[in-house]
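Peer 1: Starting from the given sequences, assemble the full structure and let the hints guide the process.
Chains as they are written, first to last, in this note's numbering: chain U, 33 to 170; chain B, 57 to 165.
Mixed in with the good hints there might be a few duds.
Claimed, not checked - Result set (DSSO-like, lysine-lysine): computed pairs, CA atoms no more than 30 Å apart in a straight line:
1. Lys162(U) with Lys93(B)
2. Lys80(B) with Lys162(U)
3. Lys93(B) with Lys160(B)
4. Lys62(B) with Lys160(B)
5. Lys69(B) with Lys93(B)
6. Lys62(B) with Lys93(B)
If you're looking for bench data, these hints aren't it; they were derived computationally from the structure.
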Amino acid sequence: MKLTRRDALALGLGATAASFLPHRAMAAADEAIAEFTGGATPGEGGLTLTAPEIAENGNTVPISIDAPGAESVAIFATGNPTPKVATFNFGPLAGSQSATTRMRLAGTQDVVAVAKMADGSFVQVSSLVKVTIGGCGG
Amino acid sequence: MAADAKPRVKVPKTATAGEVITIKTLISHEMESGQRKDSDGNPIPRSIINRFTCDFNGQNVIDVTLEPAISTNPYFEFEATVPEAGEFKFTWYDDDGSVYEDAKSIEIA
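Peer 2: Structure below.
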């Protein structure tokens, strides 16, 4: 196979992109999620994650979760040094299974919410947040 | 840091029995993540609030586990059912063992 200049450029770009993918961080997030679900594969639906599309400041990114009928909801940031963000456990007097907080994001990444439903099943939803300035200091 | 953690809680003064109300809480706390480094390049040790709970007359409303990814001055907004007149109790647990508390009473209108 003859390697043209165009091919070489494409290869180089592909390799650069691949090396930038946070493989290790993704694995850590998957592990953290598996720890919460106990290895069960989460389904879909019944859980809403509200996060901004673009967060200018990664230090305070507002996020909301709403999961009617959930026992607890955990939030994970797949691209953070430590993927766990928070776990909300709803008690008998919770008016609704929803909450809002502010979180730190190291950079543009997927934010994942996993809810444990009352019947023991799990649902998952994720949302991509673009971060202009990362929130992990340096 | 622990000394000047000041909780602020917003709860309506009155509600009808069984009403669902929105509660907003904010506590001043640095939430040092353990990821940052000081000017000499040494890591700054983690110092965060790791748990927040809200109870009404002894019954749990919400129990949150916080990780270092929660922002400085942790803010929470959530909803609670008010079955009767009573008192909301808010508790924050610091990494260093300190416990910050606040309480708000609510009446049935």
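Peer 1: State for each hint whether it applies.
Peer 2: Results of checking the hints against the structure:
1. For a cut-off of 30 Å, the pair hint linking Lys162(U) to Lys93(B) stands: about 25 Å separates their Cα positions.
2. Of the pairs offered as hints, the one joining Lys80(B) and Lys162(U) holds, with about 27 Å between alpha carbons and a cut-off of 30 Å not exceeded.
3. The suggested pairing of Lys93(B) with Lys160(B) is violated, with an alpha-carbon distance near 38 Å, which exceeds 30 Å.
4. A C-alpha spacing of about 15 Å is found between Lys62(B) and Lys160(B), which places the hinted pair at or below 30 Å, so the restraint holds.
5. Proximity of Lys69(B) to Lys93(B) is assessed by CA-CA distance (about 44 Å); at most 30 Å being required, the pair is judged violated.
6. Annotation: proposed proximity of Lys62(B) to Lys93(B) holds, straight-line Cα distance about 26 Å (limit 30 Å).
Checked against the numbered hints given earlier, this structure breaks hints 3 and 5; the rest are met.
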